[in-house]
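Peer 1: Chain by chain, the residues run as shown.
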Amino acid sequence: MVLVAPQQEQGALWSPSPPTPGSGAFVVEAGRPAPAPSEAGRPAPARDEVLALLRDGSGQRPRFDPGLSGGLRAWLEDAAADLVARRGEDAPPLFLGPRFLWNDPVAAADPVGTAVDPVGTATDPYPTGWVRSCLIRALFAQVVTTGQVDSPLGDALDALRVDPGRSAMARHVDELPGEARSALAASLRIHIENLMNLTPRFAAGWLPRTHDRVAIPLAGGRVVLNGVFDLLVGAPVPGRATLCALGLTTGGRWAQARTALHYLALLETLRSGTPPFRLALLHSAAGRYGVEDVLEEHLRTIVSHVVVQLSTLGDRDA
Amino acid sequence: MPDPPGCEMSKPRQLTRALLEPFGADAAENRASVVEAARRIPRTLADLAVPRPGGGSFRLTDHHVREALGPPDRATPGAPFAWSARTARRALGLAGLRALANGAARSPIDGVTMAVDDAVGAAHRGESAASPMDRWLAGLPPAGRAAVQAGAVTWATRVWCALDWSAFEEPPTIGRDHWWDSPHSSLLALRSRAEVRSIARDQAGSPFSVHLVVVGGPRRTTIRSELSVAAMVEVLCSPRSLPPGRMVGWWPDSGHLVTLEIDQRALDDGVAAVARTLASTGVTPADGEGTIRAAA
Chain Z
0 MVLVAPQQEQ GALWSPSPPT PGSGAFVVEA GRPAPAPSEA GRPAPARDEV
50 LALLRDGSGQ RPRFDPGLSG GLRAWLEDAA ADLVARRGED APPLFLGPRF
100 LWNDPVAAAD PVGTAVDPVG TATDPYPTGW VRSCLIRALF AQVVTTGQVD
150 SPLGDALDAL RVDPGRSAMA RHVDELPGEA RSALAASLRI HIENLMNLTP
200 RFAAGWLPRT HDRVAIPLAG GRVVLNGVFD LLVGAPVPGR ATLCALGLTT
250 GGRWAQARTA LHYLALLETL RSGTPPFRLA LLHSAAGRYG VEDVLEEHLR
300 TIVSHVVVQL STLGDRDA
Chain H
0 MPDPPGCEMS KPRQLTRALL EPFGADAAEN RASVVEAARR IPRTLADLAV
50 PRPGGGSFRL TDHHVREALG PPDRATPGAP FAWSARTARR ALGLAGLRAL
100 ANGAARSPID GVTMAVDDAV GAAHRGESAA SPMDRWLAGL PPAGRAAVQA
150 GAVTWATRVW CALDWSAFEE PPTIGRDHWW DSPHSSLLAL RSRAEVRSIA
200 RDQAGSPFSV HLVVVGGPRR TTIRSELSVA AMVEVLCSPR SLPPGRMVGW
250 WPDSGHLVTL EIDQRALDDG VAAVARTLAS TGVTPADGEG TIRAAA
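Residue numbers (numbering that gives the first Met the number 0), protein chains in the order written: chain Z, 0 to 317; chain H, 0 to 295.
Next up, chain Z with everything else stripped away, as it sits in the complex (with noise of 0.2 angstroms):
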């Protein structure tokens, strides 16, 4: 296992594009942003400038059509009634997560809200990038909840140990030579650092929770199209979007982290009728983050875009 050193993170990091002013572009903050400074002369941290983000104009939050979700859902079904035509009506179910939208295999490495699938291999049980992501997730919900980590590898190896589903994992860190297990730590105060410093404290009554799942069966449950909210704000009201949700990238592109919170957000609207009203994604390597409003033609576009990825599966994935 190679383990990537702080310094070689950085310089892999793919800058995006500016963003386009105008209704619905990503606000991206590229390093640590300036807000105002504070009454003490001090910076604001970041975690203000998302937070005020999330909030601006919030007083007019916007109504969908009741009849989008039925739409949207209407239009998957149909697509995944052709993938089980082809697969067979005795297949086994297909669980599908964000990462199926594209077939990159950098995009393992930063399973964008699909903490709970495995993404290790035979050869591979435990990809240098997903234990990095596991932990920096577990870490990230430590966060949420208490508003502090104390030490970021054994913090976050102590969540693993209590989810069965990743104590393996915390058996494999804890078992890494000397060299790999500093380097891994270091790696994660740095994103530990900058989680902190983007990481809105939200108020009780804001209702955060972390690792909210989502699974949306289509074909009566032949096809699942799941995910996992990194973080979840808001409370549902019928016909209105009030949710927000922050997504968590650690590394990996942009963009992909970006469609995979689209595709939550789409998971979301057919779940419970009304999309999120407020994206943001986290990037815990750099530091940068952005904020954007959920609009009908990205639910559209993604729809789109997982219907295409629909079609190309079964020939596949037989």
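In short, the hints are calculated from the structure, not lab data.
On a predicted model such as this, the values are computed, not experimentally measured, just so you know.
Every residue, glycine too, gets a C-beta built ideally from N, C-alpha and C.
Careful, some of the hints might be misleading.
To be verified - Covered by chain H, according to a simulated footprint, are these stretches of chain Z (three or more residues, beta-carbon under 8 angstroms):
1) 136-144
2) 193-206
3) 228-238
Using the hints provided, position chain H relative to the given structure of chain Z.
Peer 2: Relative to chain Z, chain H alone:
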């Protein structure tokens, strides 16, 4: 796998409507046949629980029904029970919801935090009431405990957001499982699990109990059998309480729900499900004691 009949999409508040919807005129008529069936069922069940090689009792839960009636390839290997973030989240989440419902907490985070603090405090003080889960929580490092707390907060928040709590005519009962012990056979006990219990009325104003069951895992054809067994247990446990009227199974992951009106047919399905579960080789006394799963 086709959708089980009775499935429909749940949107926020629709779950409340499905749970509390007034019963039709046939509810009272069903009640008579349900009472009559309830007299026969204990004997029928006792006859099913014949001793097996190895001896021991059968303590059936929805988990056993699901394992026995589901496709063989979906069966999970039996594993000894162990506390984890997954197995503790329901208990802590329910405690948090109870604190919310009775006004002791103002948010799921507050409720779950209180529950965790109470559990750890009870264990540290060595109180006799401290449960194994309390002692397990007390022994965790802070980060491990935070991970458990985060899972419970998410579980509780999903339930909290899914219901219109102002629609209940009285505070619902949250998270009380019912066990029915066969009066005719010491070998048999059945569990009914429900996260929220309340009442709904028929057109004449007569009350019936209604039960919300939070369901985990994928949607499955066994769900009606699982709910039927729970419904049957509610009927068998209820001679001196409200007549059971409805079970609603709800998947937080997808928002889907399944509604089961408790009538003669539901009871027949419940008996049949128990018979098939007992007949399967998947339920042994050892399994029954050791693999009771958390709800979701």
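Peer 1: Which hints from the list above does the structure break, by number from lowest to highest?
Peer 2: Hints that this structure does not satisfy do not exist here, as all of them hold.
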